[in-house]
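If you're matching them up, the sequences are chains U and H in order.
Under my numbering, the first residue of the first sequence carries the number 1, and numbering increases by one thereafter.
Under my numbering, the first residue of the second sequence carries the number 1, and numbering increases by one thereafter.
One should not assume that every hint holds.
Here are the in silico distance ranges between beta carbons for each label pair [said to hold, decoys possible]:
hint: 1; chain 1: H; residue 1: Gln69; chain 2: U; residue 2: Arg235; range: 49 to 57 Å
hint: 2; chain 1: U; residue 1: Gln60; chain 2: H; residue 2: Gln69; range: 29 to 37 Å
hint: 3; chain 1: U; residue 1: Gln399; chain 2: H; residue 2: Pro73; range: 53 to 61 Å
Cut-off 16 Å, straight-line C-alpha distance, at most; resulting in silico cross-link-like pairs (EDC-like, lysine to aspartate or glutamate) [stated by the list, open to error]:
hint: 4; chain 1: U; residue 1: Lys37; chain 2: H; residue 2: Asp299
hint: 5; chain 1: U; residue 1: Lys254; chain 2: U; residue 2: Asp272
hint: 6; chain 1: U; residue 1: Lys6; chain 2: H; residue 2: Asp299
Hints listed in this document are in silico derivations from the structure and should not be mistaken for laboratory results.
Note that beta-carbon positions come from the ideal geometry of N, C-alpha and C, so glycine has one too.
The lines below spell out each chain.
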Amino acid sequence: MDVKEKRVLVVGLGKSGVASAQFLQKHGARVSVSDAKSPEQLRQEIPVLLDAGVSVETGQHSERTFREQDLIIVSPGVPFDMPQLTRARERGVPIIGEVELAYRFLSGHIVAVTGSNGKTTTTTLAGDIIAASGRDTLVGGNIGTPAISFVGAAGDQTWIVLEISSFQLESIVEFRPKIAVVLNVTPDHLDRHYTFENYVAAKARIFENQAADDAAVLNADDATCVAMAASVKSRLRWFSRAREVERGAFIRGKEIIWRDGAREQPILPVSDISLKGAHNLENVLAAVCIGMLVKADPVATRRAVEEFRAVEHRLEYVGTVRGVEYYNDSKATNVDATIKALESFPGRVHLILGGKDKGSDYSVLNELIAQRVKRIYTIGAAAGKIESQVRGAEVIPSQTLAKAVQRASQTATAGEVVLLAPACASFDQFDSYEHRGRVFKELVHALAAREQQRESVATPGGGNNR
Amino acid sequence: MAKRVSVDKWLFGVTLLLVFIGLIMVFSASAVMAKERFGSPYNFLFKQLAWAAAGVIAMVGMMNLDYRQLRRPAIVFTFLGTTCLLLIAVFLFHDSHNTHRWIKFGLLSFQPSELAKPAIILYLAYLLETRWQQIADWKHVLLPAAAPSVLLAMLIVKEPDLGTAVACLAITAAVLYVAGMKTRYFAYAMAASVLPLYFLIVRVPWRWNRIMAFIDPYKDPQGHGFHIIQSMIAVGTGGLAGAGLMEGKQKLFYLPEPHTDFIFANIAEELGLWGSLLIVMLFSIFLYRGVRVAMRTADPFARFLATGITAMVVVQALINISVVLGMMPTKGIPLPFISYGGSSLFFTLASVGVLLNITQQTD
Chain U
1 MDVKEKRVLV
11 VGLGKSGVAS
21 AQFLQKHGAR
31 VSVSDAKSPE
41 QLRQEIPVLL
51 DAGVSVETGQ
61 HSERTFREQD
71 LIIVSPGVPF
81 DMPQLTRARE
91 RGVPIIGEVE
101 LAYRFLSGHI
111 VAVTGSNGKT
121 TTTTLAGDII
131 AASGRDTLVG
141 GNIGTPAISF
151 VGAAGDQTWI
161 VLEISSFQLE
171 SIVEFRPKIA
181 VVLNVTPDHL
191 DRHYTFENYV
201 AAKARIFENQ
211 AADDAAVLNA
221 DDATCVAMAA
231 SVKSRLRWFS
241 RAREVERGAF
251 IRGKEIIWRD
261 GAREQPILPV
271 SDISLKGAHN
281 LENVLAAVCI
291 GMLVKADPVA
301 TRRAVEEFRA
311 VEHRLEYVGT
321 VRGVEYYNDS
331 KATNVDATIK
341 ALESFPGRVH
351 LILGGKDKGS
361 DYSVLNELIA
371 QRVKRIYTIG
381 AAAGKIESQV
391 RGAEVIPSQT
401 LAKAVQRASQ
411 TATAGEVVLL
421 APACASFDQF
431 DSYEHRGRVF
441 KELVHALAAR
451 EQQRESVATP
461 GGGNNR
Chain H
1 MAKRVSVDKW
11 LFGVTLLLVF
21 IGLIMVFSAS
31 AVMAKERFGS
41 PYNFLFKQLA
51 WAAAGVIAMV
61 GMMNLDYRQL
71 RRPAIVFTFL
81 GTTCLLLIAV
91 FLFHDSHNTH
101 RWIKFGLLSF
111 QPSELAKPAI
121 ILYLAYLLET
131 RWQQIADWKH
141 VLLPAAAPSV
151 LLAMLIVKEP
161 DLGTAVACLA
171 ITAAVLYVAG
181 MKTRYFAYAM
191 AASVLPLYFL
201 IVRVPWRWNR
211 IMAFIDPYKD
221 PQGHGFHIIQ
231 SMIAVGTGGL
241 AGAGLMEGKQ
251 KLFYLPEPHT
261 DFIFANIAEE
271 LGLWGSLLIV
281 MLFSIFLYRG
291 VRVAMRTADP
301 FARFLATGIT
311 AMVVVQALIN
321 ISVVLGMMPT
331 KGIPLPFISY
341 GGSSLFFTLA
351 SVGVLLNITQ
361 QTD
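All chains, please: the whole structure from these sequences, using the hints.
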């Protein structure tokens, strides 16, 4: 693909949009970007792009900007069917996403991981496994480093492990991963995909361009994934917690086994996995599948899985108490990070906000709050300001983190999420965001311990269900 | 998609007609003076003819060069940098009329300030092509856009040539306006220029005398008011039909500069109101066709180039004619295409060549 002297429009100024614009500009294209956000919201991005020689439209997507382009790159947040894009498509302008753009330029082997939950964990772990086997490895995608930023860094023998969202899959054309993984499909993002069928179809596009010498990995415990298998043309591998699969990774007794037809290989005991939670077991199984498909060293794979820990304080899964999941994102010390955290959950979030105010405008959270947040618990010095600015959910002033966790645990019901993503610095009540995160985790663990005690009292003689 | 269409015949025709009228009027205005000074009545005519020929060749050359070639940073910044250096270099040359406006190479002499106008326009078009949508961002757009104009204008003021400096800033303002600059910024700029203008006009005796002469020329009819009075006498004597070509009297050592900055006075005297109106009409057509090009093109770079070039011609014509009619204090600004003066004619024609190329690329 040659972009030299081509007029290229990048729609949406997320991380991948900025990276795409810079990449294209460096490769001699005449680049414009368009984002509906206001210039104030894009204070960071605009000067960088202007100085690189990129035209920047903000506040709207004007029809004029979309005219006379040779290529349009859409960011994941942009509705693929918005009228300007539809008309450009009618004029025959190619419209692709950042992942597709990256694919056209990338050397090396691509591993693409998608699914409703667990993408980041699986992608990171798979990257660790491949790297532990001594291969040149790059990890990024939807979260982290955009794929386009790997162009140049990736050689012919590099393994590029990418987390791919369903939005990104909507805008692929030729994208053909060497290994494609669908972890699970649960109703999500229906605001964007309209129907579950569309959403499943978008996810399944990850296999679309694969050929017989590529590989696909699917979750045998997920009915939607099983149904997807029919359209897979590449070598198919399964992973399952519940049953033994013909080809793939599964659990027998207390051990993870990799089986490829007649050949079987034990990888590691389940007890050696440091990640907690059933969903993480699935992620480990999927990562093991990837590792075995790239012929990673089994010993290195085992070591990588043993050593892998959730990244502390960044959307860290703490535990589940009475069906309510607790997540620690203490590192979210600003509004943007809180937005990112909220975007990771489809809804029913109990959000703990507050701390030392950094002069932020909390009202920018309101849209996401209205969509995804059930209740807000405010703590710390910024509480008053937050209470006056946020709208769209019930706000419960709680002063301290301990009170916030306690109140959230009382009101949240099974299937809901309690999230510490405070959008503020920690220094009014804690030494650091790490300190704040640790306190949160201790509170949740104490809650879990009390719950366990209560259960053992309620069911005499039983109690230990682990 | 941009497709090639034929060149705007109106712009092309109007330009050539103005140059042709200019040659005739330069001869008419300068013949007696040239004979007196150089022994040949054709001295100024031949020099102007040579520049006009070179200018038309440059115009046709630029007309056939894809204007998109000009957006290369190497060209834009070399042009701007060279202009800046030449504007500094003028101070090393001997002065003429007590000013440092000219650079002389043997017989040839030219004014770098004539280069400043196209250099500013090209730079503005280059910068605003990618930045105009963020025009409200003064730190990253307005400031880098206006800074070179202000710098060059300051150098030109130092020559001193306040008129050309004002023209440069007026062109910059026109391009920024088309780029969508909020009008309140113009008010800020006006407010900011009050103090420098005070020091440049009120505190500089000869400029202040020009202002006083503009307000009441008859207070000092043989001194500061002389120029304006002679100019108005010329325009008035012309009447409706004019005295006839070559028949003007004012140019006979009454009206200073009859072939350069005050050539319009000579036109009015010899060709009358009808001839003057024809000139005004030709510039009006130029304005209309130039704006039309700027409005039609989808390419912002072309839009700003076309705006700047049109503004360059029209702003100068407007100032020049206003001065001649006593509607504005005297400023040393030539009437584009017509006034005697090689560098002005040459660079204006070359710029119009760029404008003509843009007309060929419009949808």
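Verification of the supplied hints:
no., hint, result
1, Gln69(H) <-> Arg235(U): 49 to 57 Å, "holds, 53 Å"
2, Gln60(U) <-> Gln69(H): 29 to 37 Å, "holds, 32 Å"
3, Gln399(U) <-> Pro73(H): 53 to 61 Å, "holds, 58 Å"
4, Lys37(U) <-> Asp299(H), "violated, 24 Å"
5, Lys254(U) <-> Asp272(U), "holds, 10 Å"
6, Lys6(U) <-> Asp299(H), "holds, 14 Å"
Comparing the model with each earlier hint shows a violation of hint 4 alone; every other hint is respected.
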